[in-house]
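Q: Now for the letters of each chain:
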Amino acid sequence: MNFVKSVAAAVVASCLAVPAMAQAPVKIGFITTLSGPGGYLGADARDAFQLAIDLGGGKLGGTPVQLVVEDDALKPGQGKEITERFMKNEKIKLFTGIIFSNVLAAVAPEVIDNDGVYVSLNAAPSNFAGKECNPNYFVVSWQNDTLHESAGQNATNLGFKKAFVLAPNYQAGKDAIAGFKRFFKGEIAGEIYTRLDQTDFAPEMAQIRAANPDVVFQFHPGGVGIAFARQYQQAGLLGTIPMVVAAPSLDSVILKAVGDAAQGVYVSSHWNADFDNASNKQFVAEFQKKYNRLPTAYAAQGYDAALAIGAALKGTGGKIDDLKAFRTAMLKADFASVRGAFKFGNNQHPVQDWYALRVEKGADGQLALVTKSKVLTNRSDFYAKDCKL
Amino acid sequence: MALLIEQSLNGIQLGFMLFLLAAGLTLIFGIMGVINLAQGSLFMVGAYAAAVVATQTGSYVLAAIAGLAAAAIIGMAMEYLVIRRLYARDHLDQVLATFGLILFFNQMTVILFGRQPLFVRIPPLLDGSVHIVAGVYYPLYRLVIIGVGLLTALGLYILISRTRIGMLIRAGATNREMVRALGVDIRLLYTIVFGLGAMLAGLAGIMTGPISAVQVGMGEQVLILTFVVIVIGGVGSIRGAFVGALIVGIVDTLLRAFLPTLLRHMMASGSEADALAGGISAMGVYLLMAIVLLVRPKGLLPANG
Amino acid sequence: MAETAPNPTQRSKPKNVRSRLLLAQLLVILVVLPYLANLIGQPALTSLATRIIILAIAAASLNLIMGYAGLASFGHAAWYGIGAYVVGILYRHSVSGDPLFGLPLGADQLLITLPAAIIVAGLFAAVFGALALRTSGVQFIMITLAFAQMIFFFFVALKAYGGDDGLIIRRRNALPFLDTRDGLTFYWICLTVAVVWYAILSRIVGSRFGRVLEGIRQSERRMAAMGVRTYGYKLVACIISGMGAGLAGALMANHMRFVSPDMMHWTQSGEFMFMVILGGSGTLLGPAFGAAGLIGLESLLAAWTENWQVILGPLLVLAILFTRGGLSGLARMIRGGARG
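Chains as they are written, first to last, in our numbering: chain A, 4 to 392; chain B, 534 to 838; chain C, 740 to 1079.
If we strip away everything but chain A, and leave its shape as in the complex, we get (with noise of 0.2 Å):
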């Protein structure tokens, strides 16, 4: 009897994996930013998810997956036109790599109104966290003005008690400033939108030191944060006015191109290089190996949104037809993340830990972000309580 049952349950189980054997890979559209000044946010991105599935044998938990990549230019028609292209012509149905939210707010109605599943991996604008979240749409990353609100937490923990805020105007620069409001808890002595394609930050800095704060936060991404690191330096205020900022206005990158002028700055993330957990470790041993190059928080997400997305096709057996189990499958979070604790909150962004870093000079006399204390503790977002799900 048992010898029967056990031959039926091996016949069952070799229907079931025959099928599952000879399954063609998951596709994975894989739509970023790769040219332009912001090129290397995409290119990080993209490496650490190819990383990911290279570890994994050409797998994510299990079940064999393509990556199918393409340039969004930064222009959102572009990235819509490639999503259609996706959906129609090669029958992708997960989508990943945005970075730019204006590229995801073209692109995100698009996968899941036609039920696609978008797992973002860095954009992750307010509306789509508050009440327009939707149950196909996962954020792995941050939302925006999370980022923020850890800084000014981490400026109100250092005790300063006047505060000067800058960042570009436009709508994530405002959410910057908001967002550190809400969590600072001192006075602001002055606040200035700089301009989207401004380079030269003099007049700023004159202005600065005349209003004479205890601490200056600054949200300028990319090429813009390597320019203001270098002039604040320049103007005399890095030894004078410390400087608080959240991570992707000085990630590893930015660092290296700032040199000598990052020193001492004070950096707010939810990842940081010297994470000391068995999935970090090992993710930025393999990632310098095969990259040469040290990770960035964006490869960190790219990597974590590869193992979020691996541990939810390994729920559902790989398959991404029955959207709720996916659904299900994705929520549990099952996957040990390279930045420790990791939750998903009702609006299906993150539920994680904030840490205070700090710029300093290691034994080698190579600056890199190091690690100090933790901030926020199982920090949701602001507005998940706008959401329905």
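No lab work stands behind these hints, which were simulated from the structure alone.
The beta carbon of each residue, even a glycine, is placed where N, CA and C say it ideally should be.
A short list of chain C residues far from chain A (calculated; beta carbon distances all over 10 Å):
(1) 926
(2) 942
(3) 960
(4) 969
Facing chain A, from chain B, some residues (calculated, C-beta under 8 Å):
(5) 540
(6) 649
(7) 662
(8) 672
(9) 746
(10) 754
(11) 790
With chain A fixed as given, assemble chains B and C onto it according to the hints.
A: Positioned in the frame of chain A, the structure of chains B and C alone reads:
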């Protein structure tokens, strides 16, 4: 008061930076009648070459030479291969062909140097601040930029009005056929002038490297502002570019510096005033250009002829 | 273009027949295209074609002032973007129910939003055109660029409507009896609008008004000497052109279901100019071919390699250098070569 002095200095410094960029563009336009959008790419070439050489050799003199040489050589190659065929075409064809060149140069830079921005240090000799008047410290490097801008302006003036090659340049701009009939190799002359214009862009790139980011697309960020400068000054006129650059630099800086405070006095909500001020100052230079063009359609100091 | 100008009466007939034939061929291709796309397993081609058709409307409008009247506007994307924002803003208010300018405005009906977009874009074009037309030549290129940049920065800073992140339009504007959410239906709508718009442009170009524009391009001084008030003609052309761009923007907002300041960036204006030049400026169908050529090439190359710009850039340079009169010129060259 100290703030006003410092901000005015900032304005003048930005003006000289813009002049370095605009001089090459307007020289090429004034003499050959070509609108070269790829001037921004030459700016990038200069910055990259200098950054790479500085990192490899540690010598800033070598880096500066490399930056200038790379920009000039690539500029001349560009003239020889593409621009030369555009002299007789309309401005539109020129705009579009050079737009194509921008795409090529940007992506080529990505292929050669990667997407990560490069690091350039300020030469240690030029690092630090100078005490100007009571309470005003100003970064030495920015004073150097003003100096280089002044020298360039002077150099161009002497070159064009006092030397033989300058005479040929002026003659060639007025009547190309006549100069050729006199036995001057006008094609070579044009290639050299284009190389000179490219070198000026390269110089601007080298000077910018240490204060902002050396990265792909850095040329386009400044390109539009440069156009504003030469249009305000009068297209094709170096004097115009000089005046235009200073006006744009000062207006832009002062708007950015003092408009927020001004608006905050007038409006109830501080943060709204800041956002509005940011918006207005972003539009400021374009508004200035529109007004100048409406009053003087050819710019402030148009090139004669 | 200038070479074909003399003796128009003698050459107009065969040319007319040929261009009608070309038009018929083009229409047949466009009608069959969606079915063909499904047949070869590339259904997304329909969406790409929709995008091209919409851009072709904008490019044709630019062609009216650039190709026919010789006014090179480097700010065409501004009107295109304004048209798109009209749709976006009206949609936003129709969903939220908030008043706009204190009035209960807001619409999600294509029959309302399209005309609104055309009118608003036309108004803006009238105001800015009236100012810009005081200059000419390179200065005109630059002043239109300056105006477009001002409008671009305005929308970037416009937090109420999403600023830099843009506005999401969750549902396409509706049309009675038709399901606009269906990609194929929307393709037919855009194609119909495009055909109507091209027909209107064709009438304009063939009219006395069109010939005056042509005359202005060849010699404005001569036209003025003949007693033509050129300023008025140019202004009307600018307004019509702006309206066309607004129409295209409104359709694009519906197609993408998304609007952002990115649509009015100066590179977008550059792309419109490219389409016109690439297709052959001053020809009726040129801009359509130019739009198809540029967007098709971009999509093809981007799908093939991430370094697509390295190839696209030189191709564009070559196109400008060696095909006088763009793609139409190329076609003429090939045909001419075959016959000779």
